[in-house]
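S.K.: Here are the chains, one letter per residue:
Protein chains: 2
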Amino acid sequence: MNYRLVAKQLGLLIAMLSGLMSLVGAWSFVQWKFFGAAAERHAWWALVAAALGGMLGGGLVWLRSRSAHAHLGRRESLLLVALSWLVGAVVAGVPYFIWAHLHFQGSDVAHPFHRVADCYFESMSGLTTTGATILSDIEALPRSLLLWRALTHWLGGLGIIVLFVAVLPSLGASGKRLFRVEAPGPSPGGVRPHIRDTAQTLLWIYLGLTAVAIVALRLTGKMDLFDSVCHTLSVLSTGGFSTRNASVAAFDSVAVDIIIIVLMLVAGVNFALFYQMTQGRFSAAWKDTELRAYLLLKFVVIALVFVNMQGQDITLTTGETVDASAGQALRQSAFTTVALHTGTGFCTADYDPWPFYSRVLLVGLMFIGGCAGSTAGGIKVIRLWIGLKVLMSELERAFRPNVVRPLRVGTSIVDPDMKLGAVVYVVVLFMLLVLGAVIVQLLEIGNERCDFQTAFSASMSTICNVGPGLHGVGARENYGWFGDASKMVMSLLMALGRLEIFAILVLFTPRFWRGN
Amino acid sequence: MNYRLVAKQLGLLIAMLSGLMSLVGAWSFVQWKFFGAAAERHAWWALVAAALGGMLGGGLVWLRSRSAHAHLGRRESLLLVALSWLVGAVVAGVPYFIWAHLHFQGSDVAHPFHRVADCYFESMSGLTTTGATILSDIEALPRSLLLWRALTHWLGGLGIIVLFVAVLPSLGASGKRLFRVEAPGPSPGGVRPHIRDTAQTLLWIYLGLTAVAIVALRLTGKMDLFDSVCHTLSVLSTGGFSTRNASVAAFDSVAVDIIIIVLMLVAGVNFALFYQMTQGRFSAAWKDTELRAYLLLKFVVIALVFVNMQGQDITLTTGETVDASAGQALRQSAFTTVALHTGTGFCTADYDPWPFYSRVLLVGLMFIGGCAGSTAGGIKVIRLWIGLKVLMSELERAFRPNVVRPLRVGTSIVDPDMKLGAVVYVVVLFMLLVLGAVIVQLLEIGNERCDFQTAFSASMSTICNVGPGLHGVGARENYGWFGDASKMVMSLLMALGRLEIFAILVLFTPRFWRGN
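Same order as they appear, the protein sequences are chains A and B.
In terms of this note's numbering, the first sequence opens at residue -2 and continues consecutively.
In terms of this note's numbering, the second sequence opens at residue -2 and continues consecutively.
Simulated from the structure, these hints should not be mistaken for lab results.
Bear in mind that the values here come from a model prediction, so they are computed numbers and not experimental data.
One or more hints might be untrue.
Which copy is meant is left open, so a pair is good if it fits within one copy or across any two.
As the list claims (entries may be wrong) - Taking lysine to any residue and the SDA-like style, the derived pairs with C-alpha atoms no more than 20 Å apart in a straight line are:
1) Lys386 / Met415
2) Lys30 / Val297
3) Lys219 / Asp249
4) Lys30 / Leu20
5) Lys284 / His468
6) Lys30 / Asp448
7) Lys30 / Pro398
8) Lys386 / Arg278
9) Lys386 / Tyr422
10) Lys386 / Asp414
11) Lys284 / Ser390
12) Lys219 / Asp481
13) Lys219 / Asp448
14) Lys386 / Trp510
15) Lys386 / Met52
16) Lys386 / Phe505
17) Lys386 / Ser104
18) Lys386 / Thr506
19) Lys219 / Gly407
20) Lys284 / Leu381
21) Lys386 / Leu294
22) Lys219 / Ala252
23) Lys386 / Ala482
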């Protein structure tokens, strides 16, 4: 294992993350100094101090190991990816910690950000685009910190898309070949320039969508520029951090809801398809099996939840109760279904009192998640599809053991390794989810708020990178009341889910660390 | 599909089952007529009438289709196996129904056996060796019906052992090759005589164990011959029906508990190993990987539960509360762990108030179950073992995609098909378990006794053929309070779990019914 090389890349990454943080710090300073934003008095300081520390630390690590070269091998890449999120969340959480200690100095207020575990949870939730928060009063934060929270979503999302669509398939990472952008073949400039090109195109797509989304949200007239920016950063990465306590319901606007539904839908699609579109291959993108299954699944569940909600009052996340007119029921079922399926986790309605049947469907969708190659969580639609096909063929093998039918997804044939990989992934995600729920429940013994549904849905919501869950972590609740140990466990679950488990799990196998 | 051939075999099977029932009826008649057992007055009639009906019906079906010959193909075998349990449970449940309607004629008593769903549930629970009961007062049944209940366990267990150890491996059924008794090879008399020999040896082993168990239990002096017989029939098939309301705790005897623990342990072992022993291959049997993993798993969990129970009072299923001395804690933790892991479901202690941690371990063991080739439920230890090995190799593939290591269990190599089969089985069992829990919860909306833990553990306990669950279906509760629809769903779950899912699930695939 070439540790120096990993350190060098990680140092660079941390310095870059801190550099972006310093820009938010500068904006905060301007707001405070020139626009009289008193709330920013401690925030700009916290952001700039944390950014300087990060740039210094990251820069030093980079300097000390800059002589490292050689090729970044598979194990080095995995370690780098895992550390990027695990260490990145430390760096991204420092400004919260500094701000709370400066701002409430000498007062009796016990702000969640006084605790290391809370800061780590919040920044991990940001970088993994989960959107679970430990804050009960989000609006009390200075705007610069709200912007930084949303920015961690956007950066984490960009990292994941580039990683899963451009980097891993080109490295031939196991099971990722299905999700590759194009057929492999000798490319004149070798692998590396190819990865860079793809990554660059993806960055432009992401930036383009960001610009369009900001303009669209601003044009509704219900969001100011700041809210438009923050919600855009959050929605395109299927994150879920809002600037309001009541999440998107605070804007009380059909137009905002519709735009955000569309943006969530878009963000849950495989970005490889957008890449294909930039190459002019629109019809290939539209014919994608996973995309169609994803849309179908969504519309079916929206319809079922809509029917199931008839005649029930709906409580919004603002606390207001509205009559369930057909329009209102459709709006709320569509928003909630899309938000939970894509793992965004924005809320407009409190779905906890909804009928059992609807909640089961929603939890099922949380587990399934959006498309591979997006920032949605869960097992991904493609693995569900492969899993069902494998099940059907196993059933047939029970009475026709010698029939061999190639398993197809669209026009590609899924090889046996990928079949096994997809099914194992579903099992492992589920096992970890249950293990997480059990550990949280054990850690919270004596805490009456933590019933089994709460622990189970908290574990599911974090490992599937959704955000809200049921009961104690429902749409109108938050994760602040858990103990520190539970928060650290859930932070690990978020990282596990985000990096599709194996990048983190391999760190626990002895063979990973042995040999060169 | 050769329906006539299936009908012929099924008719024969039903006639045989009814024949055995008539023997119990005869015993009942003798008890009533010559030993003054007044309780048998309606029971012997019910048993004999049902037996005559079954022999007549089965015989007629056999007669009408007796000209059918030709080879019993794979699809015919699957259909026959599925129908044997689905229809067999109807036949075995008829005496309960007749007895209740005769015995409570003209009275206001609403006995559970007045309802078809309850009778079907009870007899399915018997034939699938689950041991879940809908009776709250077991001791109120006539002894002949108690004997018949226990006998359904024993017959169902024998059927499963012969099926999974002798028949399926010899047919080369997918995924069953690992569990085969010996290496395949040309046998002089073809496949059929070989199956018959193996089945006969298994029958002798089963009968031998039965005789030893009856004698051992009788020698304790705490059980009379009747109880010894009934509990032996129940324990060797990992069933769980007792003759007492308080299950095994009613005998209040350390000796009985120890003998039953040993018998449960034996019954959870792959019967192919006993077969090997009859061929003189003791050391091969002892070196079996699954056997060792099974024993290790059990002892580890007993130790953990034992430690976890320290200092807590223990409530027995008799309702009595005892101080948790070390001896008492060891006795109860060992009995409960072995009973739930092997899917027997006998109870001495009410484990529902035990610490959360212990209950999680016990539920985990219920899901895992005993060894393949036994009548234990769950996914079976061997599949857990293969699943963990597959997981480890998938982890290694994340950083060494080109390493190929054959996956070994003992000295055999697991081929890719069997790996996929094992993992798919775990997923499907779990999916069905969750689906079952959701359906039961939906069916029981408005029924306050059915909380989520109850529905979930009832679904798990039935599909894993255990018997008791948690909360509303805990050690001191029963399944009688569920609605009819829930009972039918749980009956299906028992059949699904018993026949390792695929034999039942294939019936729902259109391809199964197409073609010849």
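S.K.: Take the hints in turn and mark each one as holding or not.
M.R.: Quick rundown of the hints versus the structure:
For the homomeric pair Lys386 and Met415, the shortest alpha-carbon distances inside one copy (12 Å) and between copies (17 Å) are both at most 20 Å. Taking the closest pair of Cα atoms, Lys30 and Val297 never come within 20 Å of each other, the shortest separation being 52 Å inside a single copy and 65 Å across copies. When the C-alpha separation of Lys219 and Asp249 is checked against a cutoff of 20 Å, the pair qualifies only within one copy, where the shortest distance is 8 Å, while the shortest distance between copies is 73 Å. When the C-alpha separation of Lys30 and Leu20 is checked against a cutoff of 20 Å, the pair qualifies only within one copy, where the shortest distance is 15 Å, while the shortest distance between copies is 97 Å.
In this assembly of identical chains, Lys284 and His468 lie within 20 Å of each other by CA distance neither inside one copy nor across copies; the values are 39 Å within and 49 Å between. Proximity of Lys30 to Asp448 under the C-alpha cut-off of 20 Å is found in neither arrangement, the shortest distances being 47 Å within a copy and 57 Å between copies. Taking CA atoms no more than 20 Å apart as the test, Lys30 paired with Pro398 passes in neither setting, with 76 Å inside one copy and 55 Å between copies. In this assembly of identical chains, Lys386 and Arg278 lie within 20 Å of each other by CA distance neither inside one copy nor across copies; the values are 27 Å within and 42 Å between.
Taking the shortest Cα distances, Lys386 and Tyr422 sit within 20 Å of each other both inside one copy (15 Å) and across copies (14 Å). Both within a single protomer and between protomers do Lys386 and Asp414 lie at most 20 Å apart by alpha-carbon distance, with minima of 14 Å and 15 Å respectively. Taking identical chains as interchangeable, the C-alpha atoms of Lys284 and Ser390 are never at most 20 Å apart, the minima being 24 Å within one chain and 34 Å between chains. Proximity of Lys219 and Asp481 under a CA criterion of 20 Å is satisfied in neither setting, with 37 Å inside one chain copy and 53 Å between copies.
Neither within a single protomer nor between protomers do Lys219 and Asp448 lie at most 20 Å apart by alpha-carbon distance, with minima of 38 Å and 43 Å respectively. Only between protomers do Lys386 and Trp510 lie at most 20 Å apart by alpha-carbon distance; the minimum there is 19 Å, versus 36 Å within a single protomer. Taking the shortest Cα distances, Lys386 and Met52 never come within 20 Å of each other, neither inside one copy (49 Å) nor across copies (43 Å). Proximity of Lys386 and Phe505 under a CA criterion of 20 Å is satisfied inter-copy only: 15 Å between copies versus 32 Å inside one chain copy.
Within a single copy, Lys386 and Ser104 get their C-alpha atoms no closer than 60 Å, and across copies no closer than 55 Å, so neither meets the 20 Å cut-off. When the C-alpha separation of Lys386 and Thr506 is checked against a cutoff of 20 Å, the pair qualifies only between copies, where the shortest distance is 13 Å, while the shortest distance within a copy is 31 Å. Taking the closest pair of Cα atoms, Lys219 and Gly407 never come within 20 Å of each other, the shortest separation being 42 Å inside a single copy and 67 Å across copies. In this assembly of identical chains, the alpha carbons of Lys284 and Leu381 lie at most 20 Å apart only when taken from the same copy (18 Å versus 39 Å across copies).
For the identical chains of this complex, Lys386 and Leu294 are intra-copy neighbours only, at 16 Å inside a copy versus 33 Å across copies, given an alpha-carbon limit of 20 Å. When the C-alpha separation of Lys219 and Ala252 is checked against a cutoff of 20 Å, the pair qualifies only within one copy, where the shortest distance is 9 Å, while the shortest distance between copies is 77 Å. Taking identical chains as interchangeable, the C-alpha atoms of Lys386 and Ala482 are never at most 20 Å apart, the minima being 40 Å within one chain and 30 Å between chains.
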